[in-house]
Structure formats: C-alpha cells, structure tokens
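Protein chains in written order, with the numbering used here: chain R, 45 to 497; chain S, 45 to 497; chain H, 171 to 661; chain C, 171 to 661.
If you're looking for bench data, these hints aren't it; they were derived computationally from the structure. One thing to keep in mind: the hints can contain errors.
Claimed, not checked - With the Cβ distance kept under 8 Å, some of the chain C side facing chain H (calculated, not the full set): (1) A185; (2) K198; (3) L221; (4) Q232; (5) D238; (6) T239; (7) Y251; (8) R254; (9) S258; (10) Q377; (11) S605.
Said to hold, decoys possible - Simulated crosslink set (DSSO-like; lysine-lysine; CA at most 27 Å straight-line): (12) H/K641 with C/K233; (13) R/K331 with H/K649; (14) H/K473 with H/K484; (15) S/K370 with C/K371; (16) C/K649 with S/K331; (17) H/K233 with C/K326; (18) R/K370 with H/K563; (19) R/K370 with H/K484; (20) H/K579 with C/K579; (21) H/K606 with C/K538; (22) S/K56 with C/K649; (23) S/K331 with C/K212; (24) S/K370 with C/K649; (25) H/K563 with H/K641; (26) H/K233 with S/K56; (27) C/K641 with H/K579; (28) R/K56 with C/K212; (29) C/K606 with S/K219; (30) C/K292 with H/K233; (31) C/K538 with H/K233; (32) C/K606 with H/K212.
Said to hold, decoys possible - Cβ-Cβ distance ranges computed for the label pairs, FRET-style: (33) C/K484 with S/E485: 16 to 24 Å; (34) H/K560 with R/K56: 41 to 49 Å; (35) C/R325 with S/P465: 56 to 64 Å; (36) C/K538 with H/L208: 45 to 53 Å; (37) C/P273 with S/D427: 25 to 33 Å; (38) R/G107 with H/V194: 27 to 35 Å.
Using N, Cα and C, we set each Cβ at its ideal position, and we do this for glycine too.
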Amino acid sequence: MPFIPHTDADVKAMLAAIGVDSIDRLFDEIPPALTIADLPEIPEGIGELEITRLMHRRASRDGTPLCFIGAGAYERHIPAAVWQIAGRGEFYSAYTPYQPEASQGTLQLIYEYQTMMAGLTALDVSNASLYDGASALAEAVLMAVRGNRHSKSKRVLVPTTVNPVYRATAHSIVKNQNIELVEVPFSTASGTVAPENLKAYESGDIAAVVLQQPNFFGSLEDAAMLTDWAHQRQALVVAVCDPSSLALLKPPGEWGAAGADIACGDGQPLGVPLSSGGPYYGYICCKQDLVRQMPGRIVGRTVDIEGRSGFVLTLQAREQHIRRSKATSNICTNQGLVVTASTIYMGLLGPEGLRRVAAVSHRNTRRLAERLARIKGVSVAFDSAYFQECVLRFEQPVAGILQELAQRNILGGFDLSEHYPQLGNALLVCATETKTDEDIELYAQTLAEILKK
Amino acid sequence: MPFIPHTDADVKAMLAAIGVDSIDRLFDEIPPALTIADLPEIPEGIGELEITRLMHRRASRDGTPLCFIGAGAYERHIPAAVWQIAGRGEFYSAYTPYQPEASQGTLQLIYEYQTMMAGLTALDVSNASLYDGASALAEAVLMAVRGNRHSKSKRVLVPTTVNPVYRATAHSIVKNQNIELVEVPFSTASGTVAPENLKAYESGDIAAVVLQQPNFFGSLEDAAMLTDWAHQRQALVVAVCDPSSLALLKPPGEWGAAGADIACGDGQPLGVPLSSGGPYYGYICCKQDLVRQMPGRIVGRTVDIEGRSGFVLTLQAREQHIRRSKATSNICTNQGLVVTASTIYMGLLGPEGLRRVAAVSHRNTRRLAERLARIKGVSVAFDSAYFQECVLRFEQPVAGILQELAQRNILGGFDLSEHYPQLGNALLVCATETKTDEDIELYAQTLAEILKK
Amino acid sequence: MLIFEQSTEGRKATAQMPADSQMVDAEKRVSELPAALLRKSKVPLPEISELEAVRHYTRLSQKNFSIDTQFYPLGSCTMKYNPRACNSLAMLPGFLGRHPYAPPEFSQGFMQTLFELQEMLKAVTGMRGVSLTPMAGSQGEFAGVAMIRAYHSARKDHARTEILVPDAAHGTNPATAVMCGYTVREIPTDGEGDVDLAALKAAVGPQTAGIMLTNPSTLGVFERRIQEIAAIVHKAGGLLYYDGANLNAILGRVRPGDMGFDVIHMNLHKTFSTPHGGGGPGSGAVGVSERLLPYLPVPIVDKAADGFRWLTEKDRPQSIGRLSGFAGNAGILLRAYIYMRMLGRRGMRRVADFATLNANYLMVELRKLGYEAAFPRRRASHEFIVTLKKQAKTLGVNAMAFAKRLLDKGMHAPTTYFPLLVPECLLIEPTETESKQTLDGFVGAMREILQEAETAPEIVLGAPHTLPVRKLDDVRAAKQLDLTWRADVPN
Amino acid sequence: MLIFEQSTEGRKATAQMPADSQMVDAEKRVSELPAALLRKSKVPLPEISELEAVRHYTRLSQKNFSIDTQFYPLGSCTMKYNPRACNSLAMLPGFLGRHPYAPPEFSQGFMQTLFELQEMLKAVTGMRGVSLTPMAGSQGEFAGVAMIRAYHSARKDHARTEILVPDAAHGTNPATAVMCGYTVREIPTDGEGDVDLAALKAAVGPQTAGIMLTNPSTLGVFERRIQEIAAIVHKAGGLLYYDGANLNAILGRVRPGDMGFDVIHMNLHKTFSTPHGGGGPGSGAVGVSERLLPYLPVPIVDKAADGFRWLTEKDRPQSIGRLSGFAGNAGILLRAYIYMRMLGRRGMRRVADFATLNANYLMVELRKLGYEAAFPRRRASHEFIVTLKKQAKTLGVNAMAFAKRLLDKGMHAPTTYFPLLVPECLLIEPTETESKQTLDGFVGAMREILQEAETAPEIVLGAPHTLPVRKLDDVRAAKQLDLTWRADVPN
Ligand SMILES: Cc1ncc(COP(=O)(O)O)c(C=O)c1O
Ligand SMILES: Cc1ncc(COP(=O)(O)O)c(C=O)c1O
C-alpha cells in the first residue's frame, strides 16, 4: 500500500523504542466497540498505472465541446508558464505561511497579488483570497454590515441582475445573522436597474447596496448613478465585478463621486482553467478605512532585525485563530495555489494584455450576437450596452435548442428561463478570446439548421 | 514579435551608448550583397493562443492506437513525478555544467545516474550520456577498437541479430575510419547466434564482437559462450542491452568468465515516453581500465577548498573542447534532460520496481504470443527462449495484416520482411506492462477476424 | 525585489497578447461602449517580459519551505506527501476544459468520479449522506452547524440557541457557530486531556443546539469517553458535530458515525492529501446521519438509471442551500478521489496505523531528550504536544525560538501556540509518509537546539540565521500597515 | 547527501510497483527462462519512498543556475529564454504516446510539423535541402563533412584528404573531420579576427576536401571576406561547410546559402531556443546546396499527394545513411517548430537585431569600465570577447576568478578560455531575450569585481563564497577517479 516508507525493521525498532509489541496497542485507549476491522465498501488500492488508465478514460468520456457558456466561468487562453510554475513543489506543497521566514515566496507573491487586485479595482486594499465569487459576495455583505457605522439596519439591496447563484449562496451564508437581502427588480427592456426600480427603497435605513458590473446578463449598469444613490443614503456600495474586465471598464473605486466601498468577485477569468467548476478564487478589496473588517488572510510588508524588507501575515487579530468567536470570518484555508497561478497570469498579461483579452472577448461576443440575430426567430433581448456576454431571445424554449446544439458538440449558452422566467425564451451567450470567427460561423450555421426544423 | 523585452526608450539609450543611430548600423561590416530584407516564405508570427490551437489539432490527428510495437522503443508507465520534476526550470534551462559550483544539481544527478547504470550493467564506469542506442553502438565500436591493445585489425563482428537500424547507423558513423563491421549470420531455427555461425571467424584478428541481449527478435543469446569465445581471441566484447531488462537478466558485466568489456544501448525504456522517436538517450558503460577511452562527458566526485564533497566534469582531456582532433568523440551537447528524468525513474522504481516491470512485460508478451499462436496460420517463429519480445510467423505477408489491424486502431508489431527476408512472413510483437489482458484478447480477436477473411 | 520594481513602461510579453489580427474590429467595438463606463486610469499591473515573469516567480518559489523540499510536521495540518499523479490526472484536458454548466452528456466521467467519492467518504466515516460542495474545513463546519440549525428550526425547537465548544477546539469552530447565529459556550478540558464530563453535564440543557467536537482532539489525544459525551448531548436534545481535521489518526479504524456523530466535516486537503498550495485550496466535504439528510447543501451527485445527475434545490427543498458558485473545489475533489483509489481499502487503515506509530515514536524519543509531553500518560494520536514552559522559564528560550531554530536545521516548525490551552506549546504531526530516518533527523535537531538553548541561547533566540530574511517584525507590520506596494512609498 | 545514502533496504515506492494482481503468472514466466541467463546479483539501485525521491531531486534542482533563475551569458551557447509553450505543446499526449514506427495514417500531424520545419529551415538558411535527423550540432557537423566526403568519392576525387579548420573553430570541428577520415589543417586568424586569406590561399590545393567555417566566428566577429574565402576554396575544388552555432547573430539578415556555403548544420537548441536541459538534448539539423542533395542523411519527410511520408535509403541510395535509431530528437524538433511559428517572419529578424544590439551595448559599457575587448575595432556580432590578460598580469586575478566571482553576484559566468586563441578570454553572449536592466546589472557586477580585484583580490580569487560548495578541486577529480558511488568507499 502506497506512500508508507516503513520497512519491517523500522517498525520493529520503533515499537521497541515506544515499548509496545504491536501498532494495535497504540490504539488501546479507543473503546473496542468503536473499532472496525475493515472497510468492505472501499475497493482495493490500485497503482499509479491503473489509476492513470482509469482517469484517462473518465476524462476523455466528457469530450471537448465548443463552449459558448459564460455565466460566471469564462474559457480563457492560459499561458503555459502559469501552471508550470504554480505546480512547482515549493508553491504546490507549502501551507499557510505561519513561519514567515520560511515562506517569503508565498508571502511576497500574495503581497504582489494584493497590489495587483487593489490596482485593478482602484481600491486601497485586497485580502489574500476567499473561496470563490459567490461566497465572496456573502463575506462582502457581512463586511459591509459590520463596517457601516451609520446604518443600524441589516438590510442590503441586491438587484436581481446580480448572478442568481451568487445571490442564493449569499442568502444561505448570511441568513442566520438576521441580515435581510432585499431583491430589487430590473427593467426587462434594458436588462439593468433603472431609477424607477429604486423608488420603493428611497427612504429607510439600508446598510449596503450590491451592484454587479457588467451584470449577470452582460448588460452595463449605470454604476455611477447607483453608487451615488446608495451613498446619499449612508449605504455602503458592494461591487461585484469580473476582474478581467477592469482593464477596460471603469473600476469600482472610480464609480460615482466616492467610488464603491468594497469590490468582490471571482478571479477565475484571470488564468484559472474552467476545470469543471473549480478550484477558482474569490477576491475582495476595500477602501483603507474598512481594512480591519476584512475577512481572511492579509499580508503586510515589514522589516527583519537587520532592516531587510520582508512579508508577514498581518492584522491576524481579526482572524478566527486569534479572535475565535469574534472573528470577521471563519475562513482558514483559502485558495492559495489558484491565487499563485492568477498572479503569474496578471504579471504575464500586464495592462496591455488584459485590455486586449477583454477587448477581443467583447468583440467576439458582439459578432456572435449580431451573427445569431440575423437568423429568423433570434433577437438581442435588451437595448442596453453589454460587455463580453449578451442575452438572445428565441421564439421557442431554449432548452430544446441547447440539446440539439449539444448533439452537434456545441454548448450554446446558459438557459435563463429557470432563474428569469419573466424573460421568456432567453439564452445568455458568451464568446471569449478563445473563439475564432470560424467557431462563431459554425455556431450560427448549426443554429440556423436547428431552427429551420 | 515575442520574447524581445526592449522598449523604444531602451533601444534609444542603448544606441546612444554605442554611438550609432540605428541597429542596422551594427551590421555595417556585412557585405550588402549578402544582406536580405525579408523572409517571404516564413509565415507571420502567431501568439501562444493560436499555436496552442494548431498543435492540439496536429497532436489529436495522430490518434491513440493500441501499440504492440517494440523494436527499440517500449511503451512504459512513467510515474507522474518524473517529468514534473525534470521539467523544473533549474533542470530544463541549465546547460552543460561548465561552472561546477553553480551546477551541483545536474552534476550530482549525473554522478548518481552513472552509479545506477554501472550497477545495472555490473560494469565499473558509465559516462553522462550519448545521443541514443544506435549512435551509442557506433561510439562503443570506436571505443573498442581504440581500447583493444592486442588487436591491430579494425574488424568488428556484428551478428545480424543485432538491431538492423543500430547496425546501419554504426556503419554510417564508423565507415570513414576504416573500421570493418563484419556481419555474422544467425540460426533461423533459434533466432540466435549458434556456435557454427562463428566457425568462419575462428582465426584472424578481431578487435571486438558485438552482442545484443535480448537480441532484436527478443531471443536470448548464449551470452557466456559468445563472450568467452571473443575473449579467447583477444577481442573485446560490446554488449547491447535494453537496460530495463537488467533487473531480471544477467548483466553484461557477468557474462562468461570475465564479463563484457563495454555495454551500451538506449535508456528509453527507463522513464522516457515514446514521443514519436525521441529524445531518448544512449548509455555506455565499461570496465575501469577502458575509462580513458570513454566518449562524452563524465562526472567525478571531489572536494572543495573547505573539504566539502562536490562534483565536477572530469577526464575532460579526452573531450573535443580540449583534445580537439584527437578527442575520443566529437560529442558536445548530449541528452542531459532525458537522463535527468530517467534517473528519477530509476530512483522511484528501485530494484524491486524494475524487476516487476520487466517481469510483467515478459509475462504479457508470453501470453500475447501464446494467445496469437492459437489462431490458425500463426506460429511462434523460433524455438529459443525470448524476453519481452517475440517473432510470430504468418502464412501471408505481414504488411497487409498490419494495415487491417491499423484500421481497427491496433498497431500489431514490426514487420521483419524488409530487414530479414529470409524469415518469410515474420512479425515482431511486444506487450509491455502497459497492456491489460483485455488489450491482449482484443488483439487476438481482431487478428482472428482478419485472418478468417 | 518586487515584480513592480522590475516593471518597464511599454514592456510586454507579446506572445501572450492577442495578435493584432485579432484586434481588428476589437478597438472599434470597445469605442462603441458608453465612454462613461470605460476605464481612463492606468492599470497598475507590472509591464514585464515573459522571461522576467518566469525568472521572478521561479526564484520566489525557491524561498519557500514545502513538503516537497523539507520535513513539515505542522500539527493539525497533516502535511503528508501529495502524490504527483493526483495533480497530473486531475489536470487532464477532459476535466480542465469542462465548463461547470456542461450538460449531463458532457459530464458523466466527472460526475461518476464525484459520486464514487461521495460513496467512499460515506463508507470511511460511517455517515449516511455526503455533500462535496463546502470549499474547505471552515465552510464544512458552517454547513454542519447550519444543518443543525435547520434541523431544530424544522422541529420548531427555537429555544436551542447555544453551541458547546471545547476550549481546545480550533478557532474556526466558535467563529462558525457565531456565523450560524448561535452563542458559544466553552467546555473545559481536564488534566488528562479529556472533555470535563461534569462541566459538560452542567452545560447541557434545552438551550443546547449541539456540541462541536474534534476526535482525536487538537490536544493530540483520543476522546476516550466519546460515547458518554454523545449520550449526554443527545439526551439533552442536542446534536453532535465532528470536526474531521484529525481523521488521519483513525482512518479505517474508527468511524465518526459509529461514535454517534450526527454531522461531520472532513478536510480533504489534510486526510486525503490534496495540495496545501501555500494556503489552499482545500475541501470540507460534509457527512450526515439519517436525520440530517434533507438539509445537505446542494448540488449533490445522484446516480439515476440513465446516468449521473445533479440534485439541486428542487430535489432537496429543505437543503441549507448553496455555499458556492458551482459544486465545490472540483479539481481538489478529483485529486482526493485519485488518492483514495490508490490507497484503497487496506491503504486507508495503514494511514492511521503509521501516522500514529510515527507520532508515538517521536513523543518517546523527545521525552528521552528531556522534553516534556503535555499529556505524558496518554497515547499520542497522529500528533502530540510538547510544552516548553520549563525551557521558557529556566533558559528564557520559548517555543517560538525553538520553532525558528528548527528552520535553520532545514525543517519546518511544528504548529506553535495552538491549542492555546497548553503554554509554550509545540503541536507535532509527523504524518505516515515520513520515514524513521527523517524522524530521527528531527530528534537530532531538537537535541542540538536543546543543547544550544542551554549553552548559547542567543543562537536560538536570534534564529533564523540561514534563511532569506532573519526574524521579521510582526508588530511593526500591524502598526505601520503596508498592504499594497506604492511606487511613491520607499520600502 | 547522495540518493544511495538515503536508501533503506526493503523500502519501496509501492504506488509505482506493478500491483500483485499483475504479478500473477509473471514470476512463473520468469522462472521458465534459462536460469543461466537470469541475474543473481543484487541490483544496486536506491530503495527509497516516492516522497524521498521527490524531495531529493527537487532539492538537487535548487542548486542549479539556469536561464529560468539567472542571467546566463554563456558565449557560443545562445542561452535565450525557452518559451514554456514549446515544452507543454511538444508533450501533448498525441505526440508523446506515438510510437516512432506508427504507420503514416497515425503520423500525419507529427510528419506535417517536421515537413514544415524542414521548409522553414531551408528558407531561413537559403539552403536547397534539409535533414532533421542529426542529434546535436556535433552530429550535424559529422553529417556535413560525411556528405562532403561522399560528394568527392562519387566524383572519384579521392585525393581530397584534408579539411581546413580555422584555429578559432570549436573543438567539435576538428574532432568531426577526423571522424570522417580527414586530416585537419588549421588556418590562422589575423589580428583583426579575420581568417588569414594569404595562409588560406597557401593551404588550398587538390588535397583540399573543404573548409569548416563559423560565421560570425567564435571570436564574435563577422567573417567579412566570406565571399573571397568561398571563391578561393571553391576554385581549389573544395566545399564550404558552415558551423551554424552562431546563426542567432544573422537570423533573417544573412543566409549561409547566400554566402556560398555548400552544407551547414544548425543548433536548434541554440538559435531556436529548445531547452539546454543540463547538457542536452539538442538537434543539429543539416542543410545542403543543390549538389549535395543526394547525400542527405535519412529519413527525411516528404510531401506526397496522399500525405506525408518518410524518404529512406530506398529513395536516397546515395544518402550517407542513418545517424540514429529513428528520426532525430523528435520532441526537440517539435519545440523548434513551435518557437519558429511564434517568432514568425519579422520575429526572426528581430532576434538577430536585438542579440546584436545587446552584445554591442555590453561591449561598450564594459570597455567604459576599463575592460579590454579582444577586437576593439570590430562590431560585436551576437557575442564578443573580453581579454583579462592585463588584469591577470597586473592584479594576479585571471578570467576564471572573475567568472567564479560573477556566480556570487547571482549570474552565470560567460564562456571562459574559449576560443583558446585569446588569452584569459571571456566570451560573452547576452542573447536578445535579456533586458537592458539585466545587462546594466551585469555591468554593475563587473564593475564591483574589478574594484574587488584591485582592492581585495583574495575575495575574487577565493570565489565562489555563496554557493552550495566553494571552489572544487578539478585536479584531484582526475587523479583520484571517483566516478561511481560505492557503499564501502567513504566520501
Ligand atoms: C482542528 C481544525 N479544525 C478546522 C480547521 C479548518 O479547516 P480549513 O483550514 O480547511 O478551513 C483546521 C485547519 O487547519 C483545523 O486544524
Ligand atoms: C561554435 C560551436 N560549434 C559546434 C558546437 C557543437 O554543437 P553541439 O553542442 O550541439 O554538439 C558548439 C556547441 O557549443 C559550438 O559552440
């Protein structure tokens, strides 16, 4: 059985040193009734050769369809250097840098990550990472409620243009801390939050307002208007953004007069493969004055006893291993390895690279939407400007169309009917920089064929 | 255009420092007539995204057929750790350790490799590596001729049971140094060199005798007899072995009374993927007294000025960068990275692992041969014992059969008719440890179907 | 040097830029976006070449201690060898390229693997249902306590507002209880390292929602009277929650389900050797007893006649809902599955056997040197505690100094000052993948440090001496916050 | 510590062992082999766990300088950045799993790639035919000189027994000529670094088979009168062989074919950035003019109507034959192809431009510090030589000491004492992938070392001080040969 180096001689010598005649004796404090002899349901161990064969079969069974689904996970080209370096044993098999002098590699990298993310969102501070975008929204809401010195209420406005799974996750995480997530409707014409949608919440104490830009439909919200609206009511603004759009779109820190207070979201589009849904990572940034409310690890720069610059985990008093029940969050293990890869990705792409990837993704989705809308029975659902994702409306249920496309090895997009029945036969489509014009044309011709039947 | 970091400002400053107004001026010593303006036939550069797409298409086009071909390249399971460590930048992008203090990683690894290879072949010394098995035979022949103090002749006996491509390669490399490779026939009954095949060479001055064990047909030669026969005539013995068999088969150093003098071959079966034919590596080992005739790099252990143990390239006086036209070989760059991976493979498998892999490969080929020989019209060609490879005889040309098998995604083996017409419709088959009993049964049933037609 | 200090305006890793041919029409499309929504300010990312990025991050990695380079006996973290096959096979193109919303017919290979992982985790822990979505132990704890809450609410048992937590429990336990709207009541531990039963009896009542236990506990000893504890809490109407961080000690020998636990979380990145990755990602799969099945977080993989499918809110209306955007840390789940299949049935048990053998051997050898075990009369589980309160008092050399000096000896330090219960505490967890020779090396180093502490304490107090930096000033880091590099701020 | 010193009898990386289930019947089959042919002696490989192997070889790698971790200006080796995409794409399963004898229908992707590489190399070098089989530069040289020999033999021109080789040529040139049965005649170099035309004219005659030239030469300067040299040699009936090691200097600007060369070799691991791998593997593709086409080594990829196929001895009866078991270092050829496609047409030329800019900039900056260029009145090509004969004489600090001290400054040393022509020689080749900032860092280090040599020479003479070992005793290594670890021999 693998990964146990002990030879019989080793075991004999160790048992002798301990003064027992068998390993079983070391378990003599355990009530016999609780001890099991075997795990019958677990199959016999197999060697690396067999498991390699099995997993190759499993992986190839799922095929490699042409993917036009976005909805929170975006297919990016990832430079080969990113995961070849992130996979080095020193990054892959270290843990949380509890001994800073022996972990300057991870600590400096996180400090550089924090700088990059604060720069992208145009806010002051970033933490080391959270689990993913959805749980990051929950932590951001908790942080906003904690951090809002003016509001007594725990009411948080969340437009339904925010990712529905993010909203569901936030609810299941915060619901036990009597925080009320108030759903704000959107204009089905523009697919964005219109001023009249806010009418009902004009008065009343609101702790925070959440705003996803671009929103779940890819539509571009009037972020400045909503930010100022919230601030005028002493509510904090929690921005939810695809960080790979921020080289092109106005960053949350520059929304409205004072900028959003907290920004969060999923870092997957920055160098993390689709990988069947994870591991991705959640990012969270905020203005300087909210830093002590930050959840999770934070790295700070300091000096050693000879004045050399170095990095340590800091502000640990917020965290669970020190503040225990009064901690800002219960998070301990985060998404370290994925942040390592994403930091290398951001370094490699740089400002110009990120801008180009965002621009080409936007171009591809615009051409896809225009090309598909030329097919009879297909139209662009909203009149608002969109970025990198767009909603198309059909004259028949989308589910059937998607199934037909799937049979032809094309994943046509995300069916909105389950979460947004009010939008009718609506499909969320996305074509990132990984798609060629030929891919787009293939999708269009295949769809045209299907709709003709 | 990629991989050039210079910004316009850099270029401007550098040209100013040099004192020229353009980069073109730096080429002013080159006769204008020789200067070209462009490379019209070379396509425009493409980014990593496009080349990734292109190469994925190219790689997937060649499919993944079930492979029963050996003939010098063997499909092995390679532990995941091997190439994940060999691919680390410090191994991948270093060069020949000219500055030993800055290359102790590569130097110690080569010293460990030399120890493992000398141990496997039961000889005293190994060099750092040669190009591959075929060119290693050429170098071994040159080394034997150089090292044979008794023989004046440059005649070397090479049984035709030695890999035909190795023989062709050795000929094209040594032919200009008036070395005569004398082909020795074999017994078509046993597929090995019989005593009577040696009759014609009883007398006469021979510099060396080459012996492949197991030979190209997988048949096991009487190595002891041939070794003693050669030594009785003051000829040196050059062994050609698949090193992954030496955990199971008697090593060259133990052949006959005194053991072979030189052993060489290809290290591919020790952790190197088939990879369309390379890069593999050639190994060469010898007895201590021949060490100064060794071609290529050799690493030796020494101490630093504070008595610490360390490793350096040694006996460099043999090599081309010192001895120039009197060097033992013109080799400079060798197969460093591949040896790095192979050393990790040998460390991971260890004596028991190598033995098991060899035993399972042998078992699989035995079961394949027995199973196929149960099909009408298929028989085992030779009556000798074989290891890991075996020749089958058919009643119809093998080429057609292999084509039919290929259409059913099976590579049935190596057609011997081109190199060994005297063997009739003969097919060399091999089933390594990577083949399951189901694979073997699938081959048998497919073959039976084909032969029924 | 920071990557930003190597930035040169205008420098680009051009091979990574979408080519000009792709940019055709892209700038035009961008210009058609509302100007007010476009970024004007510069994106402060470093402008470097591909070589500069590769060189910078390769050299940074070399500054790390890791399992692949050093012995890493970090208590409560199970830093065992992470098999490289788990990494390469989880990153096969078929898994890596799959969109999480790919329909079932493009997901059977992936979902079968997750389903079999659910089944194996049930068998190993003796629980009736498993959900793989929690992203790490802490979120697993949240799911567990949230399920306890859902259970009591469904029974209208709203008086149960309190969660009992042993004082030795990991900080994530109390933090989680609060996140679930509970108040926390600490239960003391007695001198032998067991939960104080009397205190427990006194604490339970109608207000008790449940108790969060770790067994073996963070003190490195098995909770011998777990059956009595279970009876006490169950009798009072509370549920038992099991923190699975120390499952490595009892894998294949004892199952939480058999100990009476109603809900558990596991740390796949500890027990099932998925990579710690400089802080993660992990996975906190949760297991439940019969009565909590309806509340499991979704989605869960189900095996239907026509193949594998997801169970969602529709199928589990009472579920505590979703905890993340998709289905948990998928790649980590694949790695855990691969590891468990390689261990197999007998391999599981050997993990507990040899983790426990290694811990007990180390404890005995260190005691021979004069180190004091926190619980000398107890068997070590897979980890044990040494207290250096004597050395701190007599030699003025505390646990932190010993830990830093171990770094100079080429080994990562054990966990220090956790659990807080034990003064000057070193929590040492060797794991089963370390050899006797490596353990003897650790004992040798601890012998040297003890001698140094006695003969030349300044060496130990000044440690580390041999690393890229010497001891770092934590206090200053918190006082003069520098969390983001700024070009204008000199470092 | 050597891996053998960590070996523990009976220890195994069990996950890598074929399972017992596979061993069923295997031992029986082995026992049926003739006992005399089976190994009795122990196989002296280390017996270690997978973790011990991973830890040992990961830590070993950290002791290496490499392009991925340091500036590596090793003259004549072109240590440019090796793009990681070339590595990952060449190791795609489709290429990696393919048997070299796979029939054409399973080889079209691979063979098309090799064919296009042949075509690109023809275009870049101006040659009429290319063969990819030579395994590195040296074997490329062998193929080239062997083709010259085949050409003369076919014309019954057996009197041509001599190859002319400039004294500055790389050692592989004369070694290769001898391997091809030729005698070597060295041609001197004049003070300005050019081949001495007078000496050449005197040397050529009916006995001249050809001349082996490197242009730019190993002296780092362009052979300005190459056209006269070509005329002289051709007129005398000899052929021109081009050592392509320095192609990086003229890529896209000058083509060997246009210089009148009849046969060339290229070092794909230099000019086209395939990995140097601690000493290899490389690839020495050869190119020929019209008249040498028939002699190219086989196999060569040919494009037929129905797809790509191999040309073998049958198609090329006059070929000098095969130089290796299959078709050359296949994976290296794939990496070179991927690199060339990423460079593309304009990228090729920029390689020569910026390799030359970097070399000339470094030469100027070092001369400002007082270092002496070997050929001050010449342009540097992609590399240049600095001679430290003045420092050696006046300060007693020679080129080797400067080189060792550079290691302490965190940079690999340039090539030392090659070409032998120039005393106390440093051959410096920065390559085009290094930034101005890195070059300035190198200049700064050379400034510091010069000051140290003047003020505290013992520091430079005692270098290196900061590496895993200090200066190693070469003499002892050759005298007391220790080439294989033995358990009984104390180290
Ligand atoms: C005893 C214990 N419980 C819970 C946790 C939290 O688990 P995670 O770090 O996976 O969130 C840890 C983590 O170290 C732990 O040691
Ligand atoms: C000028 C020159 N020629 C030939 C060679 C030999 O090439 P290889 O090392 O690829 O055999 C080299 C290698 O460094 C060289 O620098």
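Hint check results:
no. : hint                           : verdict
1   : A185                           : holds (6 Å)
2   : K198                           : violated (25 Å)
3   : L221                           : holds (4 Å)
4   : Q232                           : holds (6 Å)
5   : D238                           : holds (5 Å)
6   : T239                           : holds (6 Å)
7   : Y251                           : holds (4 Å)
8   : R254                           : holds (7 Å)
9   : S258                           : violated (11 Å)
10  : Q377                           : violated (49 Å)
11  : S605                           : holds (6 Å)
12  : H/K641 with C/K233             : holds (24 Å)
13  : R/K331 with H/K649             : holds (18 Å)
14  : H/K473 with H/K484             : holds (16 Å)
15  : S/K370 with C/K371             : holds (26 Å)
16  : C/K649 with S/K331             : holds (18 Å)
17  : H/K233 with C/K326             : violated (65 Å)
18  : R/K370 with H/K563             : violated (32 Å)
19  : R/K370 with H/K484             : violated (35 Å)
20  : H/K579 with C/K579             : holds (26 Å)
21  : H/K606 with C/K538             : violated (59 Å)
22  : S/K56 with C/K649              : violated (53 Å)
23  : S/K331 with C/K212             : holds (19 Å)
24  : S/K370 with C/K649             : holds (21 Å)
25  : H/K563 with H/K641             : holds (22 Å)
26  : H/K233 with S/K56              : violated (36 Å)
27  : C/K641 with H/K579             : holds (24 Å)
28  : R/K56 with C/K212              : holds (24 Å)
29  : C/K606 with S/K219             : violated (50 Å)
30  : C/K292 with H/K233             : violated (45 Å)
31  : C/K538 with H/K233             : violated (36 Å)
32  : C/K606 with H/K212             : holds (24 Å)
33  : C/K484 with S/E485: 16 to 24 Å : violated (37 Å)
34  : H/K560 with R/K56: 41 to 49 Å  : violated (33 Å)
35  : C/R325 with S/P465: 56 to 64 Å : violated (33 Å)
36  : C/K538 with H/L208: 45 to 53 Å : holds (47 Å)
37  : C/P273 with S/D427: 25 to 33 Å : holds (30 Å)
38  : R/G107 with H/V194: 27 to 35 Å : holds (31 Å)
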